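4 protein chains.
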Amino acid sequence: MKLIKGVVPPMVTPLVDNEHLDERGLERLVEHVLAGGVHGLFLLGTTGEAPDLPYEVRRRLVQRTSEIVAGRVPILVGVTDTVFTESLKLAEFAKACGAAGLVAAPPYYFAAGQPELVDYYTRLADRVPLPLYLYNMPSQVKVSIAVQTVVELAKHPNVAGLKDSSGNIGYFNACRYALRNDPDFAILMGPEEAMGEVVLMGADGGVAGGANLFPKTFVDLYDAAVAKDVDRVRELQERVMRVSSLIYGIGHHNSSFVKGVKCALSLMGICSDVLAAPREPFNARDRELVRERLVELGALSAQ
Amino acid sequence: MKLIKGVVPPMVTPLVDNEHLDERGLERLVEHVLAGGVHGLFLLGTTGEAPDLPYEVRRRLVQRTSEIVAGRVPILVGVTDTVFTESLKLAEFAKACGAAGLVAAPPYYFAAGQPELVDYYTRLADRVPLPLYLYNMPSQVKVSIAVQTVVELAKHPNVAGLKDSSGNIGYFNACRYALRNDPDFAILMGPEEAMGEVVLMGADGGVAGGANLFPKTFVDLYDAAVAKDVDRVRELQERVMRVSSLIYGIGHHNSSFVKGVKCALSLMGICSDVLAAPREPFNARDRELVRERLVELGALSAQ
Amino acid sequence: MKLIKGVVPPMVTPLVDNEHLDERGLERLVEHVLAGGVHGLFLLGTTGEAPDLPYEVRRRLVQRTSEIVAGRVPILVGVTDTVFTESLKLAEFAKACGAAGLVAAPPYYFAAGQPELVDYYTRLADRVPLPLYLYNMPSQVKVSIAVQTVVELAKHPNVAGLKDSSGNIGYFNACRYALRNDPDFAILMGPEEAMGEVVLMGADGGVAGGANLFPKTFVDLYDAAVAKDVDRVRELQERVMRVSSLIYGIGHHNSSFVKGVKCALSLMGICSDVLAAPREPFNARDRELVRERLVELGALSAQ
Amino acid sequence: MKLIKGVVPPMVTPLVDNEHLDERGLERLVEHVLAGGVHGLFLLGTTGEAPDLPYEVRRRLVQRTSEIVAGRVPILVGVTDTVFTESLKLAEFAKACGAAGLVAAPPYYFAAGQPELVDYYTRLADRVPLPLYLYNMPSQVKVSIAVQTVVELAKHPNVAGLKDSSGNIGYFNACRYALRNDPDFAILMGPEEAMGEVVLMGADGGVAGGANLFPKTFVDLYDAAVAKDVDRVRELQERVMRVSSLIYGIGHHNSSFVKGVKCALSLMGICSDVLAAPREPFNARDRELVRERLVELGALSAQ
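Protein chains in written order, with the numbering used here: chain A, 1 to 303; chain B, 1 to 303; chain C, 1 to 303; chain D, 1 to 303.
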């Protein structure tokens, strides 16, 4: 049986400053997404800026979120790290806090070859105390987990699924096809711009960054797709595309998606837009642009 | 109104040798795909090995195919070239042969910037005598036609659509969303591994290489998607994935997709597997593998 | 014995318009570089915009240049093409015009694997009537000719050398080391920013684009390097870097090097700055910048 | 005045297992390179597998090496990290241990834009208690520090130089040219395959991984280059190329350089070949190959 299905927001990490969680913001954010009906939370992914967060902040985030969620939905914790023992330590900590599963992208300094990836994930899955999800994220880690590598790793009893953020639809569908008969292996789509259609085709769900902002939209979309209601999927997917085109394209760098989501959350009164050092939030001009577009989306009143 | 919708196979170019068409093979191939019900043909794309074909062969292909098709379906002709005047000359020739439209990827030696792409396509669209489709193919030409560039070019009265072979589903959906209200601009998916789902979501069709082999499968898939029959789409898409996983993964180089399709067509008795120089067909071992898999797919009898 | 050593400018192609050579400009350009003492000319390379030129213009360029040079220095002709037979035809034509050698980068649409490159160059070297130089240009053709591939091809009696434009110094030195005992195989550096040092270390010369503008500087640099006069090499290389930093950095796209060189030649009264379609010359603002910098370099008077 | 010039080996990190230094090996390694006359040591770079080492191991390495070196040569410590505060903590620790300088590559998960790099290095240089070297390593961190960014950062009083491991000779020479008049800014070449020639041209030295194995060869090479003895540079550079071609090409993955150096050091009786988890040392077959080649190089007796 699959551990998790549905909409699992990759949570942003609300910060007061580089070393401290915005704990009130975190509380509001968790309640906001749970109110939207999401099926689980994914902490410490790319949207969560995990690799750039001090370890103490990562642990505090896992602990506090677990306390706030209090078992209402399962929590997945990202343990991606270049240091193998740090992944193990965080995995143990996550288990102690009550997390349901772990997620790991390949180590991201030395680019691993496919046999090295098999070896890496096997060792990790052998030692961590919770089910492990593979996290395919080639744009950040320079390598893609090949379809054959996914297939081989899926045989490991502690490998529970794949989160694919490549955006490569041929790859995603090849993984899904190859593992279509595995009743325990979940395949989740990263980019929210494709969540609707892949669930319609049988995928298990999506790790949609925009669900930080509009969780209900994504839950409705997932439900419509599971119900094979094509018209409703089209309609909701159009709303997702509208958010994507209005909010994520502001700013110029690799991290502008995160900046956009945090800025919008801040404008919506949910949490701070402070980013992990050394990144800065949007400047006043970009922030004003986000505000205007949230008004356009009906997520803020025009004042 | 959109010039073309549905399944448009990017036709392989049957060859006797590097300088001569396999004309009997071409005839069989055209009849094979037309019998499958395809909605148009696309000549001289990547699957057609266009950039590597002698110009005389390109012209002969356009002429002979037009004669064979004799107006039964519209024909699109690829005019991608690094030499601007060669694109224009082939466009005129295509028009004279009765083609319905043209397709052009960006010039592929100097990597163009986005303003250069706007300029390039504007000039081309200004001068060619048939509607022009943009062909996004970053893996071969090193640049992607940005969403904003597509949007800008879509305003040109002679730009008729986009064929996207990037495989990047976020990009594809962003283009489709941006141009959702343009009644004349068609958006076609390149990778066949995603054709079903994007048509279900409202895309106009697919340029599926596998439709050279199994045209009816793709036409059925398209029809099911247009009818919003999700179960049937899933079922047929699964067959597409099966072909993809069995036939296209043989061989190691950038051109192995073309080699696989031509080898299969040759084994199915349709046309020769000769490739444009200096590429060689599959060796005996790989050919035998393709044969076994075609038997497995039910496309050949076991003998 | 090596066919060619020293400074071999990759000649720009002076154009009146996209379909016609600027023949007077060509004459002035050839005399300009010959007056500087260059050891050979390389026609129809990247700087020559070869892949974008109509075939008739390519042939006319080879013919006219041969007539102008009249045997004073050897001429190398680029035959890079995606169409194998076009490479062969141009090679025959070059031979008929009296060229000394040929240069070919890998085919640039389908990215060839290393075994395919061995095969490609072997076939080409077998059939062309003049010595063939390998042209490593990964930024444009997407693949690098691996060191082992170069070593294998160097055994072919008709493969005469390597022009490496990768800018990867480890690769260049590995090729040179691997072939250090081959008395017939020439290794030429593409980027002029490194010509001095590699000749000092024993390389055979450079294909320096800037030698279109300042041929004597490069010849002096080559001579100083051959004479192992380190101080003089440093001094001249510094001038090369100055030109590079002032002229080539203007403009934003992949072709801005060519634009800069053509613009400077036009300002120096040598030839037209028309580019192969669909590229445009620098606009007035960029042209003024080039003018100012040529004054700064002492190549134009301030007026 | 430049803080450091000459040969600065990027030290491998000898390990007993993933969590413990091979302290006896470290001692032998340090004495081995100091006996060769190197001008400084660089700890915790790519060759040192820094991003993959547990933090405790990093600190222990800095402390023990400082004790062993005991001021005989300056020590540079790599503080590259995705977590800003970890860079700061290690910088303080390095200072306390008596290190002379720090080295940092860009954060390597989110790819920074150039303005972000200016911001990042400015903040880092503002806060660390020792001179900071920029470390350009695009193959691992996905971004190159642009020439203009280097020039801008060089103005910061606490930025002391650049280690360029890009292998892009045009980039290296452009940086050196741009900063030729800065008496305090050192420019060091990463790839050892080019150290000789760039020092001949005026660069400040090299961070040559092979100096772990053959420190005296690199010191002799550096001295010959400083003395402008071209023939001697050629001769020694040829030995460097021989080592490079024999030892570094074994193995297939991104980390095979490190594996090759550690394997050779182990065979030479200097230190263990254990790698940071989850990487494995060469298998018996590759190890035997390294042994044979060390014999061929005269670094091991044939037994």
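No lab work stands behind these hints, which were simulated from the structure alone. The structure presented is a predicted model; accordingly, all values stated were derived computationally and were not measured. Take the hints with a grain of salt, since some may be wrong.
[Stated by the list, open to error] Below, a sample of chain A positions facing chain D; criterion: calculated Cβ distance under 7 Å:
| # | residue |
| --- | --- |
| 1 | T82 |
| 2 | D184 |
| 3 | N254 |
[What the hints assert, rightly or not] Mimicking EDC-like on lysine to aspartate or glutamate, the simulated pairs with C-alpha atoms at most 20 Å apart in a straight line are:
| # | chain 1 | residue 1 | chain 2 | residue 2 |
| --- | --- | --- | --- | --- |
| 4 | C | K89 | B | D220 |
| 5 | C | K5 | C | D182 |
| 6 | C | K95 | C | E56 |
| 7 | D | K89 | A | D223 |
| 8 | A | K228 | B | D231 |
| 9 | A | K216 | A | E92 |
| 10 | A | K228 | B | E56 |
| 11 | A | K89 | D | D126 |
| 12 | B | K228 | A | D223 |
| 13 | B | K89 | C | D182 |
| 14 | C | K2 | C | D286 |
| 15 | B | K228 | A | D17 |
| 16 | A | K216 | B | E235 |
| 17 | A | K89 | D | D184 |
| 18 | D | K228 | C | D184 |
| 19 | D | K89 | A | D17 |
| 20 | A | K5 | B | D220 |
| 21 | A | K216 | A | D231 |
| 22 | D | K89 | A | E19 |
We treat Cβ as the ideally placed atom computed from N, Cα and C, and that holds for glycine.
Structure-based check of all given hints:
The interface hint given for A/T82 is met, as the beta carbon of that residue sits about 4 Å from the closest beta carbon of chain D, less than 7 Å. Interface hint status for A/D184: violated, as the beta-carbon distance to the closest one in chain D is roughly 24 Å, over 7 Å. About 4 Å separates the beta-carbon of A/N254 from the nearest beta-carbon of chain D, less than 7 Å, and the hint is met. A distance of roughly 46 Å separates the Cα atoms of C/K89 and B/D220; the hinted pair therefore is violated under the 20 Å criterion.
Taking the CA atoms of C/K5 and C/D182, the gap is near 14 Å; set against the 20 Å cutoff, the hint holds. Restraint check for C/K95 and C/E56: the C-alpha separation of about 16 Å stays at or below 20 Å, so the hint holds. Annotation: proposed proximity of D/K89 to A/D223 is violated, straight-line Cα distance about 48 Å (limit 20 Å). Taken as a hint, the A/K228 and B/D231 pair is honoured in the structure, with Cα atoms around 9 Å apart against an allowance of 20 Å.
About 32 Å separates the Cα atoms of A/K216 and A/E92, which puts this hinted pair outside 20 Å; it is violated. With a C-alpha separation of about 50 Å, the suggested pair A/K228 and B/E56 falls outside the 20 Å cut-off, and the hint is violated. Note on A/K89 and D/D126: the hinted pairing is violated, with a Cα-Cα distance of about 32 Å set against a maximum of 20 Å. For a cut-off of 20 Å, the pair hint linking B/K228 to A/D223 stands: about 17 Å separates their Cα positions.
This hinted pair does not check out: B/K89 and C/D182 have alpha carbons roughly 46 Å apart, beyond 20 Å. Pair hint C/K2 plus C/D286 does not hold up; C-alpha atoms about 41 Å apart against a cutoff of 20 Å. For the suggested pair B/K228 and A/D17, the alpha carbons sit about 49 Å apart, so the restraint of at most 20 Å is broken. The hinted pair formed by A/K216 and B/E235 fails the criterion: a straight-line CA distance of about 30 Å is larger than 20 Å.
Between A/K89 and D/D184, the direct Cα distance comes to roughly 43 Å. Violation of the 20 Å bound is thereby established for this hinted pair. The straight-line distance between the Cα atoms of D/K228 and C/D184 is roughly 29 Å, outside the 20 Å bound, and the hint therefore fails. For the hint pairing D/K89 with A/D17, the CA-to-CA distance comes to about 17 Å; that is within 20 Å, so the pair holds. A C-alpha spacing of about 30 Å is found between A/K5 and B/D220, which places the hinted pair above 20 Å, so the restraint is violated.
At roughly 18 Å between alpha-carbon atoms, A/K216 and A/D231 fall within 20 Å of each other, so this suggested pair holds. For the given pair, D/K89 sits about 13 Å from A/E19 by alpha-carbon distance, which is consistent with the 20 Å threshold.
In this structure, the hints that do not hold are numbers 2, 4, 7, 9, 10, 11, 13, 14, 15, 16, 17, 18 and 20, in rising order.
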